[in-house]
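**Student:** These protein sequences, in sequence, are chains A and B.
With numbering that gives the first Met the number 0 applied, the first sequence covers 0 to 377.
With numbering that gives the first Met the number 0 applied, the second sequence covers 0 to 567.
Everything labelled a hint here was simulated from the structure, so no lab data went into it.
From a predicted model like this one, the values you see are computed outputs, not experimental measurements.
Take the hints with a grain of salt, since some may be wrong.
[Stated by the list, open to error] The calculated lysine to aspartate or glutamate pairs, modelled on EDC-like cross-linking and capped at a C-alpha distance of 20 Å, are:
| no. | chain 1 | residue 1 | chain 2 | residue 2 |
| --- | --- | --- | --- | --- |
| 1 | A | Lys-362 | B | Glu-46 |
| 2 | A | Lys-171 | B | Glu-56 |
| 3 | A | Lys-377 | B | Asp-138 |
[To be verified] Simulated coverage check for chain B against chain A, where a stretch passes if three residues somewhere in it have a Cβ under 8 Å from a Cβ of chain A:
| no. | region |
| --- | --- |
| 4 | 115-127 |
| 5 | 223-234 |
| 6 | 345-354 |
| 7 | 415-421 |
| 8 | 510-517 |
C-beta atoms are modelled at their ideal positions from N, C-alpha and C, and glycine is treated no differently.
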Amino acid sequence: MKKVFGFLFVILGVIVLSACSAAVSSATATVSAPSAAVMPTSAVTATAASVQSGSPATLTVMTHDSFAASTGVIQQFEQQNNVKLQFVPSGDAGAALNRAILSKDAPLADVFYGVDNTFLSRALSGGIYEPYASPALADIPAEFKLDAQNFALPVDYGDVCINYDKAYFTQKNLPVPQSLEDLTKPVYKGLLVVENPATSSPGTAFLLATVAHFGEQGYLEYWKALRQNDVVVVNDWETAYYTNFAGSSGQGAQPMVISYSSSPAAEVALAKTPPKEAPTASIVAPDTCFRQVEFVGILKGTKNRALAEKFVDFMLSKSFQEDMPLQMFVYPVNKNAKVPDVFTQNAQVPTQPAHLDYQSIEKNRDAWLKAWNDAVIK
Amino acid sequence: MGKTLFQNMRRGVAMPFLWALPLLFLAVFFFYPLIAIFRLAVTAFLEQGLGADTLHEVLQPLEFTFWQAALSTLLTMAVGLPAAYVFGRYRFRGKNALRVITTLPFILPTVVVAASFNALLGPRGGLNLVLMNLFHLADPPVQILNSLAAILLVHVFYNTTIVIRTVGGAWEQMDPRLEQAARVLGASPARALWEVTLPLLRPSLLAAALLVFLFDFTSFGVILLLGGPRFATLEVDIYIQATQMLNLPLAGLLSAVQMTCTLGITLIAAAVSGKGLTPLAPRVQGEGVQPVRGWRSRVAVGAVVALLILLLVTPLAALVVRSVTRLDANRGERGQVQTGLTLEYYQELFINRRQSIFYVPPIIAARNSLIYAGATVMISLSLGFLTAHLLNRRSRMARLFDPLLMLPLGASAVTLGLGFVLVFNRPPFNAIGFPFLIPIVHSLVALPFVVRILQPALASIPISLRQAARVLGASSWQVWREVDFPIVSRAALVAAVFSFTISLGEFGATSFLARPEYPTLPIAIYRFLSQPGALNYGQALAMASVLLAICAISIWVLERVQWDTLSS
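Here chain A stands alone, though its shape is the one from the complex (with noise of 0.2 Å):
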């Protein structure tokens, strides 16, 4: 037995020796101290912590992988009310509310943000969140209040629309398609790369908005014709964008991509030296994009009520509002929040985008699917 032990020694002087000494230390530093930049720490910690007076309390905030904001924004809210956030991104939309609805009696978190009008309806069916009427509601166009009992709060929409690369259509002088019904037209044929709507949130926008168009009638129909014009799927935006798409620095074959109408201010925004204009635009024609509004809400059972409310508070103020377009390229609710230049010069907004009742997604969703991987996949 004593060989085992000997083993175990060996393994484990080879391996601090090697590379981690210094890093196994640093595991417990990492965990234990706050550092300027970085946000509150392990549960322990944080207990810890609360015995000094005047400590911040902790608030945890549930989100999706694409929340993101400045550390300024942040902090400026940490200190105004002695409060760290802790954020915990728990992947796409779908998963991060499969993963609140699950821990409905054991809240991860006080707050969740992330659930879009796809998925209100599950959300609310799903007895996640505790009803707020916050007063920043006011500054909010009814239209994305979807949710009369303000189980949920509008924070921020985008358009999912077709993007298509400039410099493509310029070369080749073809018309860009002004309708979803020009896309079975010969002359586009293959130019277009769309996502499955089973495995991404663009790409079930985009079938949702052909639904809307086409009507529950028709919309196979069309998805046949677009296939006989040798529409590519792919799975994900990622593959869709970078791989495919012809106007990203993937340099991909097909000059038509299903992305958001804010992705040509991002090419825009997130270059080292910014082109004059965007290499990319959108097709913003009637009913040709879907419009997705993204939810907060405070989870049912916090222990920090008061300062969840001002947290959600705070993402419907100003100064998060303003601050969201250029971190999560989405746009502000709040009427008075302005977009940033780079937006208003690079994206187009789409005035008629296809609309369906929350409720009537929520009921329809996994028969929609279905059909449509029926129709086009096999």
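Since the structure of chain A is already known, use the hints to place chain B on it.
**Tutor:** What follows is chain B alone, placed relative to chain A:
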């Protein structure tokens, strides 16, 4: 405690105590969350029931899952076995470098592998650009992405190293005298190989095949990203049902089917492998390894090395090349792409351009990754040695425990992740606040590897060697140091390398458990890839190249340390 405990153990009294550690680990971190999620799925099933065509929805992905896993395993063995032979029997220049490089695919997160195969074989990939320029073609001639061929190719890319490391390692450790005896007695080289060498290698061959098969069987990212929407394994369907359709009963059923299959496959492998363990070790370390002499050997070694470079090294090279290449201007021209060299993606990694609260400098992400990987190696090797030792005693308990040990490989990451959320929601094991859940989950995946690699090595030590040493007056510490350790150290190193790389590259569970302030390298890479923008793609590839470099250096250091220990 040393002596009494030691004596007790010898008498077998302490056996339950020893079993307790690995068993407890599996029970707490694997079965407990899993049972919790299954209970929930069953409750939901009793409330909602399953759809009408459930049988079809299970059988269809099941059939494809088996089919692609079997094909992938065959191909991987076909590439891996010759390579294992060359690595186990020949000494040649660049062998160690090649061994390190062929390990690298294993650590790459699938997002990055998809990007690098795209950089090589995609419509704008290196191969297509060259062909289009050479033959003045308007459209890319090679269209392999989103096909079964792409899935198989990438599975071979990923898993060949398993065969090289496990079988190649065993080959190197095998006493060459039996084969030589067969040759002296007149057997042809083929016959000696077939009737002597391969049977001797059977445990590690089966272990490698089993690991490769299970990895392919539960393949997720490769199918999703490179196979495209036409292909779905059980794991892909579990993900879709659990996170997109929010259909927990079906997700639960699918993962139960997947785990049952894993268990079944493991049991079959155990039955086939039987008691074929012959203790055999070379008299001198590296005795069977020879330099490349004669044209036959030259051709064999040359061909294998060329194949490995083509299959495993070129995609990696394409990734690195792409991370310093700018594809420029002329957007819209489908044929012409201008290129230029640039280091700007690497420079950008160090700039927090948007003052994002989640920005993490690459060095910090690398440090996080190394900490988790180091912890994973320690946990999985400690538990692995205990387990391997006990499995080798061939008690009834061992026969029960053995297949259970492989289950974590067959458990869907999504299911386990949701289970973790269900049960680890209070301090100290808080899915949010307890960062060591990450190396623990990595160890769950690494443990089957570690055990499968250590067990044959431990079993191969002839008891006579130990007895001889004891008779000659060696203490048990000396026996261990002079006899056991030199023989097992090679396997221990292989096991360490695997658990290290598994941890460095793991993405699924980590993304579920990692706090945004402490991302690992794969998570940082994924963050870049999930937003549009000219810089993000390049930065993702630059970060992936950094991950490759860190992993290569770590493996190299590990092997160096081991050689130094051996030679001193």
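**Student:** Evaluate each hint against the coordinates.
**Tutor:** Hints and how they fare:
1. Restraint check for Lys-362 (chain A) and Glu-46 (chain B): the C-alpha separation of about 17 Å stays at or below 20 Å, so the hint holds.
2. Using a Cα cut-off of 20 Å, the hinted pair Lys-171 (chain A) and Glu-56 (chain B) is violated, with the two alpha carbons roughly 45 Å apart.
3. With a CA separation close to 26 Å, the supplied pair Lys-377 (chain A) and Asp-138 (chain B) exceeds the 20 Å bound.
4. Coverage of a stretch by a chain is defined here by at least three residues with a beta carbon nearer than 8 Å to that chain's beta carbons; for the region 115-127 of chain B and chain A the count is 4, and the condition holds.
5. Check on the region 223-234 of chain B: 5 of its residues sit with their Cβ under 8 Å from a Cβ of chain A, so the three-residue criterion for coverage holds.
6. For the region 345-354 of chain B, the assignment as covered by chain A holds, since 4 residues bring a beta-carbon within under 8 Å of that chain's beta-carbons and 3 suffice.
7. For a cut-off of 8 Å, the count of residues in the region 415-421 of chain B with a CB near a CB of chain A stands at 3, and the three-residue condition holds.
8. Note: the region 510-517 of chain B has 6 residues with beta-carbon separation from chain A under 8 Å; the three-residue rule is met and the coverage holds.
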